[in-house]
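Whenever a hint applies, use it, and build me the whole structure from the sequences.
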Amino acid sequence: MVSMSEGVSITVNGLPVQVAEGASVAAAIMMARQPSRISVHGEPRAPLCGMGICMECRATVNGVPHSRSCKLTCAPGMTVVTE
Amino acid sequence: MSARFDVVVVGAGPGGIAAATLAAEVGRRVCLIDDNATPGGQLWRGFRAETAANSLHGAGFLHWTSRLSKTTCEVCSGWQAVSLPAPGQLRIEREGESRDLSFERLIVATGARERFLPFPGWTLPGVTGAGGMQALLKAGLDARGKRVVVAGSGPLLLAVAAGLAHAGARVLGIHEQAPLARLAGFGLTLAAYPGKLVEGARYRLQTLRAPYRTGSWVVRAEGRERVERVTLTDGRKQWTTDCDWLACGFHLTPNLELPRLLGCRVADGYVAVDALRQSSAPGVFCIGELTGIGGLDKALLEGQIAGLAAAGRAAQAQALAGRLPRFLRFAERLDRAFALRPELRALCEPQTLVCRCEDVAYSAVKDCASRREAKLHTRCGMGACQGRVCGAATEFLFGWENTGGRPPVFPTQVSTLAAAAGTPESHD
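Just so you know, the protein sequences line up as chains Z and F, in that order. The first sequence begins at 1 in the working numbering and counts up one residue at a time. The second sequence begins at 1 in the working numbering and counts up one residue at a time.
Simulated from the structure, these hints should not be mistaken for lab results. Just so it is clear, the structure is predicted and the values come from calculations on it, not from any experiment. Check the hints yourself; a few may be wrong.
As the list claims (entries may be wrong) - The calculated DMTMM-like cross-link candidates involving lysine to aspartate or glutamate, where the alpha carbons are at most 20 angstroms apart (straight line), are:
id : chain 1 : residue 1 : chain 2 : residue 2
1  : Z       : K71       : F       : E95
2  : F       : K146      : F       : D242
3  : F       : K366      : F       : E332
4  : F       : K146      : F       : E222
5  : F       : K146      : F       : E228
6  : Z       : K71       : F       : E97
This is the structure we're talking about:
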């Protein structure tokens, strides 16, 4: 399990989020209450499967677009932008 | 860049780790690849050597990862298997970089994903899978104070509810669509829940105080911008509950994309294998959830059998295979007990999205004759998930067979596809 003892700070759409060390970027996006992407018809979406299958959690992470955020671990200073 | 191995194992869940360990322990050159940041798969997701001892299933994780680490097995975490550029070669990719691995034997341990079914509101933020919620919790999601409805089907619901409660959430209810009479008929009532699967969950459920309600299911989720309330039914009456999250998944379905690409025969929804877990594709073994949803013990045993068999230790593998039938019967029992009720086919409204990637509504696909026709006319299943979500749903809703097996098995970089195979091949 992820340790809650130490934290990591990242930003999601400019909002600072503090997460546990080892937390995934998808978890951080949910905690920031931001949608992870906007669907082709303009609906907000958020992580669904948590395991890299559904593609709903794709976001721009440190400038890399369409990154599956549930597959990425938060690192200090990481910048996440959702559409 | 390419490298030669005797055995390549795809998927570092419990089964894959056991397979790689056994093959490497008898001296084979082994590579274990996995698309997650660290080994462990779903059940051991997020486990770390320093903290695992305190977790349910932690002892097994420590035993197997420590055995693996004493071998020469090369572990490639964060790598995704994408295609087969030539016979006996697997192309893997990580962040735009690709590698070709040559193998004599391939062990596929790609596990299962949740089966999702569409219902009004299922695309709202805050609606996750049940296993999806569990994965997010293990990946550090802060659930303290959240009001959560758990729904869908399968033993996983109990583990998810226990995980949520442990993380400080308020579980408002656990809604299992299967009727109590059927669960009881298969010896799967809460009181007699399958041993290790939810050993800890049962213990924690006693303090959870969330009602476990069989024969009930979600009708719709509603909210502005995100889920705010959920309507449930027991088939007679409906009721609505305010909540922050809805965790909803309908048991599991195996990740068959890679086995299908390899030409493995699939029968009744799973890869057909012999006693040593060898598939119809020469030199390709399939283990764990690919051969039947049976959980940890089945995967560990099959991993050991396939690891030994792939390493040429057929007699030792055969000896272990004698223990399998019990686990295979359990997997069959689970499938039958948690079979989906027909009422779940009637949840969609005309505008309910079936394909989340391409935003294709139920009304657009309901009159299509096949999955192929739906793809061609509506783009259902043509999006980024490659039908992984809507494929299982349309199979249940419309009976469309899900036989997709085209490379790449995952969205990939054009440069990865364009790279020449490691062995000469004619392109005339």
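#### Entry: Structure versus earlier hints - violations, ascending order
The structure conflicts with hint 3 only, although it agrees with all the remaining ones.
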